[in-house]
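Undergrad: Letter by letter, the chains look like this.
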Amino acid sequence: GQQLNQSPQSMFIQEGEDVSMNCTSSSIFNTWLWYKQDPGEGPVLLIALYKAGELTSNGRLTAQFGITRKDSFLNISASIPSDVGIYFCAGQRFTGTASKLTFGTGTRLQVTL
Amino acid sequence: EAQVTQNPRYLITVTGKKLTVTCSQNMNHEYMSWYRQDPGLGLRQIYYSMNVEVTDKGDVPEGYKVSRKEKRNFPLILESPSPNQTSLYFCASSPGTGRQPQHFGDGTRLSIL
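Each protein sequence line maps, in turn, to chains F and G. Count the first sequence with this note's numbering and you get residues 1 to 113, in order. Count the second sequence with this note's numbering and you get residues 114 to 226, in order.
Treat each hint with caution, since some may be false.
[Claimed, not checked] In silico DSSO-like cross-links for lysine-lysine, where the CA-CA straight-line distance does not exceed 30 Å:
{"#": "1", "chain 1": "F", "residue 1": "K51", "chain 2": "G", "residue 2": "K170"}
{"#": "2", "chain 1": "G", "residue 1": "K170", "chain 2": "G", "residue 2": "K130"}
{"#": "3", "chain 1": "G", "residue 1": "K170", "chain 2": "F", "residue 2": "K100"}
{"#": "4", "chain 1": "F", "residue 1": "K100", "chain 2": "F", "residue 2": "K51"}
{"#": "5", "chain 1": "G", "residue 1": "K182", "chain 2": "G", "residue 2": "K130"}
{"#": "6", "chain 1": "F", "residue 1": "K70", "chain 2": "F", "residue 2": "K51"}
{"#": "7", "chain 1": "G", "residue 1": "K184", "chain 2": "G", "residue 2": "K170"}
{"#": "8", "chain 1": "G", "residue 1": "K184", "chain 2": "G", "residue 2": "K130"}
{"#": "9", "chain 1": "F", "residue 1": "K100", "chain 2": "G", "residue 2": "K131"}
{"#": "10", "chain 1": "G", "residue 1": "K170", "chain 2": "G", "residue 2": "K182"}
{"#": "11", "chain 1": "G", "residue 1": "K131", "chain 2": "G", "residue 2": "K178"}
{"#": "12", "chain 1": "G", "residue 1": "K131", "chain 2": "G", "residue 2": "K170"}
{"#": "13", "chain 1": "F", "residue 1": "K70", "chain 2": "G", "residue 2": "K170"}
{"#": "14", "chain 1": "G", "residue 1": "K184", "chain 2": "G", "residue 2": "K131"}
{"#": "15", "chain 1": "F", "residue 1": "K70", "chain 2": "F", "residue 2": "K100"}
{"#": "16", "chain 1": "G", "residue 1": "K178", "chain 2": "G", "residue 2": "K130"}
{"#": "17", "chain 1": "G", "residue 1": "K182", "chain 2": "G", "residue 2": "K131"}
{"#": "18", "chain 1": "F", "residue 1": "K100", "chain 2": "G", "residue 2": "K184"}
{"#": "19", "chain 1": "F", "residue 1": "K100", "chain 2": "G", "residue 2": "K182"}
{"#": "20", "chain 1": "G", "residue 1": "K178", "chain 2": "F", "residue 2": "K100"}
The hints are simulated quantities; they were obtained by calculation from the structure and are not laboratory data.
All chains should be modelled from the sequences, with the hints used to inform the complete structure.
TA: As structure tokens, then:
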């Protein structure tokens with residue numbers, strides 16, 4: 001099955017810095033989602049994007065649905081220690097009544113004090 | 114509290130010994146899905162179900178079975194587990210046909226020796 005190209009694979013940043021990560025695909029999606037996974041837990045939804053070009057914020061997080069429908073980015077401003085975790089993008093495609101979710105390979109974020 | 118509950122959370126077993134991982138959701142969601150997570154590969158869909166008695170293959174269905182006899186439960190069955198099925202497994206659910214973002218359980222770590 002298809003996978004999304006997510007970059008970077010990992011990031012080491014200092015507290016207070018801004019973070020940017022992105023996902024690209026060779027095919028289009030109807031919806032882009034961003035999840036965060038903490039150790040020992042399942043992914044938790046951060047932001048959902050439903051329209052090409054849409055820019056959505058959730059606190060210090062901002063994500064955009066690329067105009068070509070083949071990419072998305074997530075920005076985190078003024079990072080804090082609890083931002084540590086693995087961030088996954090996911091593209092959702094609807095075919096008839098079915099829905100298929102394809103995940104990126106994840107970006108591991110480490111925040112140092 | 115809205116939850117997706119998986120059991121067991123951890124299991125170590127041997128090749129060929131049939132096992133079942135249960136998944137239950139209390140949100141009356143129609144759509145349920147199983148994923149496996151492996152290092153460097155992100156989450157890959159195994160099977161999904163649009164509603165009771167309706168199931169379909171995801172990207173990596175080989176070696177797995179599922180059933181959906183009731184709306185709230187979606188067990189994952191490994192009839193004859195093999196070491197390459199050692200992985201972290203997640204169950205997820207969403208309203209409707211899965212077009213809404215999925216909510217994930219906390220995961221089941223399976224080790225097949």
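Undergrad: So, against the hints stated earlier in the document, which numbers end up violated here?
TA: Going through the list in order, the structure violates no hint and respects every one.
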